[in-house]
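K.L.:
So the sequences go chain by chain: A and P.
In case it helps, my numbering puts the first sequence at residues 1 to 266.
In case it helps, my numbering puts the second sequence at residues 1 to 306.
Please note: incorrect hints may appear among the correct ones.
Cut-off 30 Å, straight-line C-alpha distance, at most; resulting in silico cross-link-like pairs (DSS-like, lysine-lysine) [to be verified]:
1. P/K264 with A/K53
2. A/K260 with P/K154
3. P/K120 with A/K6
4. A/K260 with A/K6
5. P/K126 with A/K2
6. A/K4 with P/K126
7. P/K119 with A/K2
8. A/K176 with A/K2
9. P/K154 with P/K167
10. P/K167 with A/K260
11. A/K2 with P/K120
12. A/K6 with P/K264
13. P/K221 with A/K39
14. P/K264 with A/K39
15. P/K82 with P/K66
16. P/K119 with P/K221
17. A/K260 with P/K126
18. A/K53 with P/K167
19. A/K6 with P/K154
20. A/K4 with P/K120
21. P/K207 with P/K120
22. P/K82 with P/K264
23. A/K27 with A/K39
24. P/K156 with A/K53
25. A/K4 with P/K119
26. P/K122 with A/K4
27. P/K120 with A/K260
28. A/K176 with A/K164
29. P/K156 with P/K167
30. P/K126 with A/K6
31. P/K264 with P/K46
32. A/K2 with P/K122
33. A/K39 with P/K156
Calculated from the structure, these hints are not laboratory results.
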Amino acid sequence: MKLKGKISLAILIIISFLSVTAHYITKYEPNAINLDCIKTAPGAEHLMGTDNKGRDIFSRILYGGRISIGIALTAAIFSMSIGLIAGVISGYYGGIIDTSIMSFVDFILSFPSLLLAIAISILFPPGIYTVIIAIVAVGWAPFARIIRGYVLTIKESTYIEAAKAIGCSNIRILLKHIIPQCIPLLIVMTGIKMGGYIITEASLSFLGLGAQPPMATWGSMVSAGRIYIASAPWIVFIPGFMIAVTAFCFNILGDELRDKYRIEIK
Amino acid sequence: MFKKILIFILILIGVTFVTFSITKALPGDPVLNLVGERAQPEVIDKLRKELGINKDVFSQYFSYVKLLARGEFGRSYYTNRKVFDDLLKKFPNTLMLSLTAMIIAVPSGMFLGFICAWKKDKWIDKLFSFITLMGLSIPVFWGGLVIMLLFSLKFKLFPPSGTGNFKFIFLPALTLSIPAMSMLSRVTKTTLIDIFGMPYINTARSKGISEIKVNLIHVTKNALIPIITVIGLDFASYINGAVLTETIFGWDGIGRFIMEGILKRDYPVIMGCVIIGTFAFVIINTLVDLIYHFIDPRVSMYEIKG
Numbered sequence: 001m002k003l004k005g006k007i008s009l010a011i012l013i014i015i016s017f018l019s020v021t022a023h024y025i026t027k028y029e030p031n032a033i034n035l036d037c038i039k040t041a042p043g044a045e046h047l048m049g050t051d052n053k054g055r056d057i058f059s060r061i062l063y064g065g066r067i068s069i070g071i072a073l074t075a076a077i078f079s080m081s082i083g084l085i086a087g088v089i090s091g092y093y094g095g096i097i098d099t100s101i102m103s104f105v106d107f108i109l110s111f112p113s114l115l116l117a118i119a120i121s122i123l124f125p126p127g128i129y130t131v132i133i134a135i136v137a138v139g140w141a142p143f144a145r146i147i148r149g150y151v152l153t154i155k156e157s158t159y160i161e162a163a164k165a166i167g168c169s170n171i172r173i174l175l176k177h178i179i180p181q182c183i184p185l186l187i188v189m190t191g192i193k194m195g196g197y198i199i200t201e202a203s204l205s206f207l208g209l210g211a212q213p214p215m216a217t218w219g220s221m222v223s224a225g226r227i228y229i230a231s232a233p234w235i236v237f238i239p240g241f242m243i244a245v246t247a248f249c250f251n252i253l254g255d256e257l258r259d260k261y262r263i264e265i266k
Numbered sequence: 001m002f003k004k005i006l007i008f009i010l011i012l013i014g015v016t017f018v019t020f021s022i023t024k025a026l027p028g029d030p031v032l033n034l035v036g037e038r039a040q041p042e043v044i045d046k047l048r049k050e051l052g053i054n055k056d057v058f059s060q061y062f063s064y065v066k067l068l069a070r071g072e073f074g075r076s077y078y079t080n081r082k083v084f085d086d087l088l089k090k091f092p093n094t095l096m097l098s099l100t101a102m103i104i105a106v107p108s109g110m111f112l113g114f115i116c117a118w119k120k121d122k123w124i125d126k127l128f129s130f131i132t133l134m135g136l137s138i139p140v141f142w143g144g145l146v147i148m149l150l151f152s153l154k155f156k157l158f159p160p161s162g163t164g165n166f167k168f169i170f171l172p173a174l175t176l177s178i179p180a181m182s183m184l185s186r187v188t189k190t191t192l193i194d195i196f197g198m199p200y201i202n203t204a205r206s207k208g209i210s211e212i213k214v215n216l217i218h219v220t221k222n223a224l225i226p227i228i229t230v231i232g233l234d235f236a237s238y239i240n241g242a243v244l245t246e247t248i249f250g251w252d253g254i255g256r257f258i259m260e261g262i263l264k265r266d267y268p269v270i271m272g273c274v275i276i277g278t279f280a281f282v283i284i285n286t287l288v289d290l291i292y293h294f295i296d297p298r299v300s301m302y303e304i305k306g
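Input sequences plus hints: build the corresponding full structure.
P.N.:
Structural data, given as structure tokens:
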């Protein structure tokens, strides 16, 4: 791994670690309103300043990081699983099943994702689960397409033929021989996609479709703070910066994975 | 080609079906949701007949689509104006914003990509690659706020928000163009690097054609086709981005309209925007495919990845 990748990984580990242990790191409650110190600039007392309600931004960033990264990870796991199942079935069985699944994938991919997410969010009340559903509804499709292509190539290998020859059932071949082969590819793809999930989560939170107040997420912090951009720019700047740094580190990692494994992903 | 049109139709059916089920799922009378509670009783009765509330779901759906085709998108819960009229007024603004963003993004993205491919692995390539990756990582809404903070609040070069002429459009268009530019630059780079390795480029060089001519005629011509596809297919990112950018800069387009709709839970507005946005997107996507087919008849339509 190149130096860039190592640094990115280190930053991501630090951000995740701080978020998970937020409880021990900051003495401020993320949602504790303190009207005595509204819009304090970053300083020794409040590392990243306070917002319009006197809440400590540093602790909101840490607690918000749990939600932002947590949602991205959960969405990745679900997208990966659904994409794996759809892709494997599509590639292995072929024929009409393949055509219908892949047409559906094309359908999903040729849809502006944010509009789809907004449509979904009308059906479900806004919140963490809605964001996850909205991301997964689009996110599984590229996984399915890549996995299908991969299964098509390994389906013809000798060891699959051998497994068939000794009478393995289709289910056994899929579970024992094909799916384990797909795992490394899945992990690489997840790495590539994570940056995008972080941004999507932030965008949905920004639009008010994500976790509801007073719960902090990075996207909703930017959204809530944007009317104070002239008087207290740090309220907007810091959470947005966190989103950008996290997404950037994931994207660097993703790029390195892509170069290393030579995967072409749209 | 056939498959593309099939998907085109599927998407239109899918979108209208989703919005239809939302109309059904919303509390209250779907007819009242469509025309608003202050409509005249005769209108309500007529619509109720047209929608066929008593008939089965499918005929209800067809009547719904017929209503949509007539521009009957319902009325906003708050302003009681016809959503369709507002959409007609706001859509050109969004289109103008997207086009301006495209005018910024396309040349600069291609230029950056060209430099990166030409000076591959030199420091300038590394620098530009770093910048474009950053462009893809910065959330549009935050990038917009930072740009606003710098250009309009600090240096007071441009107005921070509003709809209007060049002065107003520049900042939102710049914001919107950043991710598109970054994407395009990366695609241009990989495309060009592939082409540099092609045998016909070697042939051209060994024939003694000057470096500039090789680049201009042989490389550029062959690179244009995939790049044009990306420009067109990237239109989704403009639509996604417009929702966020317009909100920040107070640009009076469908993006801000949908955001206001979300905040007020004004369902007819949200659904109208989703339908119009998707239609626009799908139509442009199909047009790009047609253009692509026209430019390069060698390629069958099946090979284009949507």
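K.L.:
Each hint: holds or not?
P.N.:
Here is what the structure says about each hint:
Among the hinted pairs, P/K264 with A/K53 is consistent with the structure: their alpha-carbon atoms are about 23 Å apart, no more than 30 Å. At roughly 43 Å between alpha-carbon atoms, A/K260 and P/K154 are farther apart than 30 Å, so this suggested pair is violated. For the proposed pair P/K120 and A/K6, the alpha carbon gap of about 22 Å is at most 30 Å, so the pair holds. The suggested pairing of A/K260 with A/K6 holds, with an alpha-carbon distance near 14 Å, which does not exceed 30 Å.
The hinted pair formed by P/K126 and A/K2 meets the criterion: a straight-line CA distance of about 13 Å does not exceed 30 Å. Restraint check for A/K4 and P/K126: satisfied, since their Cα atoms lie roughly 11 Å apart, inside the 30 Å limit. With a C-alpha separation of about 20 Å, the suggested pair P/K119 and A/K2 falls inside the 30 Å cut-off, and the hint holds. The hinted pair formed by A/K176 and A/K2 fails the criterion: a straight-line CA distance of about 34 Å is larger than 30 Å.
A distance of roughly 16 Å separates the Cα atoms of P/K154 and P/K167; the hinted pair therefore holds under the 30 Å criterion. Our distance criterion of 30 Å between C-alpha atoms is broken by P/K167 and A/K260, whose separation comes to about 45 Å. Among the hinted pairs, A/K2 with P/K120 is consistent with the structure: their alpha-carbon atoms are about 17 Å apart, no more than 30 Å. Straight-line distance between C-alpha atoms of A/K6 and P/K264 comes to about 45 Å, which puts the hinted pair past the 30 Å bound.
Of the supplied pair hints, the one linking P/K221 and A/K39 is violated, its CA atoms being roughly 55 Å apart against a limit of 30 Å. Distance restraint check for P/K264 and A/K39: the Cα-Cα separation of roughly 27 Å lies within the 30 Å cut-off, and the hinted pair is therefore satisfied. In summary, the hint linking P/K82 to P/K66 is supported, as the alpha carbons are separated by about 17 Å, within the 30 Å threshold. For the hint linking P/K119 to P/K221, the alpha-carbon distance of about 19 Å falls within 30 Å, and the restraint holds.
Restraint check: the Cα-Cα separation between A/K260 and P/K126 comes to about 17 Å, which is no more than 30 Å; the hinted pair holds. At most 30 Å may separate the alpha-carbon atoms for a hinted pair to count; A/K53 and P/K167 exceed this at roughly 34 Å. This hinted pair does not check out: A/K6 and P/K154 have alpha carbons roughly 36 Å apart, beyond 30 Å. Pair hint A/K4 plus P/K120 holds up; C-alpha atoms about 18 Å apart against a cutoff of 30 Å.
Among the hinted pairs, P/K207 with P/K120 is consistent with the structure: their alpha-carbon atoms are about 24 Å apart, no more than 30 Å. Proposed proximity of P/K82 and P/K264 is supported: the alpha carbons are some 16 Å apart, at most 30 Å. Using a Cα cut-off of 30 Å, the hinted pair A/K27 and A/K39 holds, with the two alpha carbons roughly 18 Å apart. At roughly 28 Å between alpha-carbon atoms, P/K156 and A/K53 fall within 30 Å of each other, so this suggested pair holds.
Taken as a hint, the A/K4 and P/K119 pair is honoured in the structure, with Cα atoms around 20 Å apart against an allowance of 30 Å. At roughly 16 Å between alpha-carbon atoms, P/K122 and A/K4 fall within 30 Å of each other, so this suggested pair holds. Taking the CA atoms of P/K120 and A/K260, the gap is near 17 Å; set against the 30 Å cutoff, the hint holds. Between A/K176 and A/K164, the direct Cα distance comes to roughly 12 Å. Compliance with the 30 Å bound is thereby established for this hinted pair.
Note on P/K156 and P/K167: the hinted pairing holds, with a Cα-Cα distance of about 11 Å set against a maximum of 30 Å. The suggested pairing of P/K126 with A/K6 holds, with an alpha-carbon distance near 17 Å, which does not exceed 30 Å. Restraint check: the Cα-Cα separation between P/K264 and P/K46 comes to about 29 Å, which is no more than 30 Å; the hinted pair holds. Restraint check for A/K2 and P/K122: the C-alpha separation of about 16 Å stays at or below 30 Å, so the hint holds.
For the hint pairing A/K39 with P/K156, the CA-to-CA distance comes to about 23 Å; that is within 30 Å, so the pair holds.
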